[in-house]
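2 protein chains.
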Amino acid sequence: MSSSAFTINAVVTTFGGKLYKLTHTSPTLKASIDANVFVPPQAANEKVPVLIYLSGLTCTPQNASEKGFLHAWAAHYGLAIIFPDTSPRGLELPGEHDSWDFGSAAGFYVNATQEPWAGHYKMYDYITEELPELVFTDPEFGSKLDGSRVSLSGHSMGGHGALTLFLKNPGKYKSVSAFAPISNPINAPWGVKAFTGYFGEDNKDLWKQHDATELIGNYSGPTPDILIDVGKGDGFYQQKQLLPENLVEASKGTSYEGKVNLRLHDGYDHSYYFVSSFAKDHIEHAVKYLSGKSVL
Amino acid sequence: MSSSAFTINAVVTTFGGKLYKLTHTSPTLKASIDANVFVPPQAANEKVPVLIYLSGLTCTPQNASEKGFLHAWAAHYGLAIIFPDTSPRGLELPGEHDSWDFGSAAGFYVNATQEPWAGHYKMYDYITEELPELVFTDPEFGSKLDGSRVSLSGHSMGGHGALTLFLKNPGKYKSVSAFAPISNPINAPWGVKAFTGYFGEDNKDLWKQHDATELIGNYSGPTPDILIDVGKGDGFYQQKQLLPENLVEASKGTSYEGKVNLRLHDGYDHSYYFVSSFAKDHIEHAVKYLSGKSVL
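Chains A and B supply the protein sequences, listed in that same order.
This note's numbering applies: residue -14 is where the first sequence begins, and numbers increase by one.
This note's numbering applies: residue -14 is where the second sequence begins, and numbers increase by one.
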């Protein structure tokens, strides 16, 4: 048995499953980073499929684990969840901790090309390659997870991550859904700030390679429905940071036309009170494509 | 329409209902204090019954609201929830903030008789009288709640509060349940510290009046089943802070014999990962006695 890459900080029993709170040193990031992995009770008897849930700005793996309530439904349907962190940790790069929407806890799921970020802020490679490989080969829980059945979801910046990772890797993930995603970052203040910092002001081709609204037109691959929920009371939606309608509009005339299911909900804000309210729908969306099980 | 006693800090849409985040100045406590009130969607059409959920040491109303997940099931069954705070706030009594298990956020749901607490730490009166009266007469949401159908639940110190308030007020509450409750505080370090501070070392009669294990022998009134869940991996259970078996033992030979349903669960700890895992059962327990609805 190989040794684990992870330090296990805690194993928490919840909803009949186990939540592993992990830390490791990432060769990709050349930094420390956390991750949580929820293993549902069904894993005792069969390999279970996996949802990677990408969190939003300012979050650690703890926020969604504690407040998103995704694991309640994952335990019901027999789904594991990987909760990655949102940036490398423990670095002290110049300016890294100055903004809540750039640098630490704001990695945007890209590989930065600009200094001082380029050597460490490679969250795209980390999420698509390093982290799942370490999880699926972990001697403690890896053999219980089916690395061939993986879906994506995420919230806000993590919704951006989920959509772009799905669209950039046709067939790699079985489905994608998003809560209040940053859907067109090159046209939103958060995205412009992040991509300017990580890619430079002039490299607009690279910007477009990490923008779901730009990517969907060139996508070719399987087309599971994309579920997107947004609250109309979400201040960031109102401030046009999210722009989910742009993604729907861009899907027209593509293989995704009519398959981007954008649901706008009266009253709901951007918080975990919103995410948890629709967590069941997103878990069921993933389960539908991961297990073929009817959830009706 | 009377004016509200509360300042509404936020109204959050969640699970189709509304979570009101409130602050007010309490005449009973002569202090500021917070409270959250969850109003389920069913309140649009009918008066709904109410669960008062009492939180544990160190908590504010936000912790259980965000992480307990009780409101998800309350929204399903049509139950309102009042989440009171755990002590007066904004005071600067001598030593008030020195300990995490005494003073602020540790009111223990008693009326203190010792100085400097006696003038302010009257959480028993506040929870049994003042707060529900203010909630049920509030012009914003009070008319949607049925003040004649109220049950209790709580966690740890709040489980102690739920059990003792129920047993001290026969018939006032329709049912009670508790997560990892301090069940016999006069024999547990937390309870001894709190009761010594709030009641004085020598007033053991008063101590016993706020100890569920002491109270159950003298209880006469309706006897709805009492549901208690405790995790065997709970460090405070292992340290004998909770002593739920003492309550079961004390119920023998009383009208509650065989009706205290203590469930011990392998692995679970003292956290909200434990509370949320069994939240559905506790909401269903309350609904059974509040609405007569079958939840099977």
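Keep in mind that the hints were calculated from the coordinates and are not lab data.
Be a bit skeptical, because a hint or two may be false.
It does not matter which identical chain is used: a pair holds within one copy or between any two.
In silico DSS-like links for lysine-lysine, alpha-carbon gap of 27 angstroms or less [stated by the list, open to error]:
hint : residue 1 : residue 2
1    : K265      : K3
2    : K3        : K225
3    : K129      : K217
4    : K32       : K189
5    : K6        : K265
Against the structure, the hints come out as follows:
| no. | hint | verdict |
| --- | --- | --- |
| 1 | K265 <-> K3 | both (19 angstroms within a copy, 19 angstroms between copies) |
| 2 | K3 <-> K225 | between (38 angstroms within a copy, 25 angstroms between copies) |
| 3 | K129 <-> K217 | between (39 angstroms within a copy, 25 angstroms between copies) |
| 4 | K32 <-> K189 | neither (42 angstroms within a copy, 57 angstroms between copies) |
| 5 | K6 <-> K265 | both (23 angstroms within a copy, 25 angstroms between copies) |
The structure fails hint 4 only (numbered hints given earlier).
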